[in-house]
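> Read off the chains here:
Protein chains: 2
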Amino acid sequence: MAKIAPSLLSADFANLSEEIKKIEKGGADYLHLDVMDGIFVSNITFGPPVIKSLRKVTDMPFDVHLMIDKPERFIKNFAEAGADILTIHPEATIHLHKTIQEIKSFGIKAGVSLNPSTDLSVLNYIIEDLDLILIMTVNPGFGGQGFIETMMDKIKDLRNLIDQKGLDIILEVDGGVKLSNAKKLTDLGVDLLVAGSEVFGAEDIEQRTREFKLIIDK
Amino acid sequence: MAKIAPSLLSADFANLSEEIKKIEKGGADYLHLDVMDGIFVSNITFGPPVIKSLRKVTDMPFDVHLMIDKPERFIKNFAEAGADILTIHPEATIHLHKTIQEIKSFGIKAGVSLNPSTDLSVLNYIIEDLDLILIMTVNPGFGGQGFIETMMDKIKDLRNLIDQKGLDIILEVDGGVKLSNAKKLTDLGVDLLVAGSEVFGAEDIEQRTREFKLIIDK
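Just so you know, the sequences run in chain order R and F. In this text, residue positions in the first sequence follow my numbering: the first is 367, and each later residue adds one. In this text, residue positions in the second sequence follow my numbering: the first is 367, and each later residue adds one.
Incorrect hints may have been included.
Since the list can't tell identical chains apart, any single copy or any two copies may satisfy a pair.
[Stated by the list, open to error] Calculated pairs, DSS-like style, for lysine-lysine (alpha carbon to alpha carbon, straight line, at most 27 Å): (1) Lys422 <-> Lys391; (2) Lys550 <-> Lys391; (3) Lys522 <-> Lys436; (4) Lys464 <-> Lys531; (5) Lys475 <-> Lys418; (6) Lys422 <-> Lys442; (7) Lys387 <-> Lys418; (8) Lys422 <-> Lys387.
These aren't lab readings, by the way, just hints derived from the structure by calculation.
Start from the sequences, fold in the hints, and give me the full structure.
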């Protein structure tokens, strides 16, 4: 059964405690946190001090997506701030294997995220170490972008790869996820959908979360 | 008469709207916003999306301190997010004069911030273009640090420099500012005090802001 992780990127940062309560009531499974440093992507969002404050107001698992250069510099900070999953980009680090091991040394899950153009072959010698793989279906940096349709094949290919190897890895998709394409994505074998503006841009955030749950629970 | 700018770095990021209301009621003059990218300093705090959300809940002037590498990349983003003052570091940019002009082109105030070791001579050919100069009295990156006492001479020297030239520049100090040293700093001619943990770490944030105002209004 697929799960939903609303992304805080599109939330009202002046009232995060209330925003989080709404998605919790709606049945969200994870809170997706998009960390950007202005170097790996051309936007700066938030980092450990914000996550630490949020950790105090919810028990939801924190799915933290690091869009930062050389993530190995900050693994400890994000683990201690309260991340349950830390996902990094192979494009951002020379030492992918080492950084994955470091994440796991904190007793949390390790993920790898792939930009739209990044080939699945980067996973060849690392996939058995991973708890999660995130397929970016937009170019990372900003909320509200449209789903890149050519990513459908990449999702299918990754689903096959994981199943062929018999691995227990969460297949996550982030970018342009809407109520209208959620069913199609879970039918392809996506385990975890990230939705930003479609959830936090809704008039009734709690109800919108529930609508996602109804679709993906089918 | 000196003014006070509580720094959001030490606030509860889950409830920023409420935190801001408290300092507003206490009479705070500015909201100080510490932007860090993990490159110029070893912490990542928050960026334009957070500031944009805050702009909707308060009319307080936003005093935005950019501790980011190559700030020229993001001037437009911060101006459009709602900054009233944008302060950059000469240590972070090769093109200080150009970036100052760009800030002012958005109709907002431009400041320069100096790390503890940075000499006042970096101001020689730029000071007449500035609206604000920020003396860092801790090394930037984290809240809760202690005031570096050797900065007292630097503050005096800068006060003299501004007065000798007859310029209308805000002299701001940030780092280790407490109720206990506020009077000493304003007596030296500091115009604007930034206080983080001393305000947001207080049991009664509104009352603590008021205590600062009482001291610096004398």
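> So, for every hint listed, does it hold in this structure?
Against the structure, the hints come out as follows:
1. Lys422 <-> Lys391: Result: close both inside a copy and across copies, 17 Å intra and 25 Å inter.
2. Lys550 <-> Lys391: So lysine 550 and lysine 391 pass the 27 Å test inside one copy only (25 Å; across, 51 Å).
3. Lys522 <-> Lys436: neither (29 Å within a copy, 40 Å between copies)
4. Lys464 <-> Lys531: within (22 Å within a copy, 55 Å between copies)
5. Lys475 <-> Lys418: Answer is within: at 18 Å inside a copy they meet the 27 Å cutoff, but 32 Å across does not.
6. Lys422 <-> Lys442: The answer is within: 18 Å in one copy meets 27 Å, while 34 Å across copies does not.
7. Lys387 <-> Lys418: both (17 Å within a copy, 21 Å between copies)
8. Lys422 <-> Lys387: For lysine 422 and lysine 387, the Cα distance is within 27 Å both inside one copy (12 Å) and across copies (21 Å).
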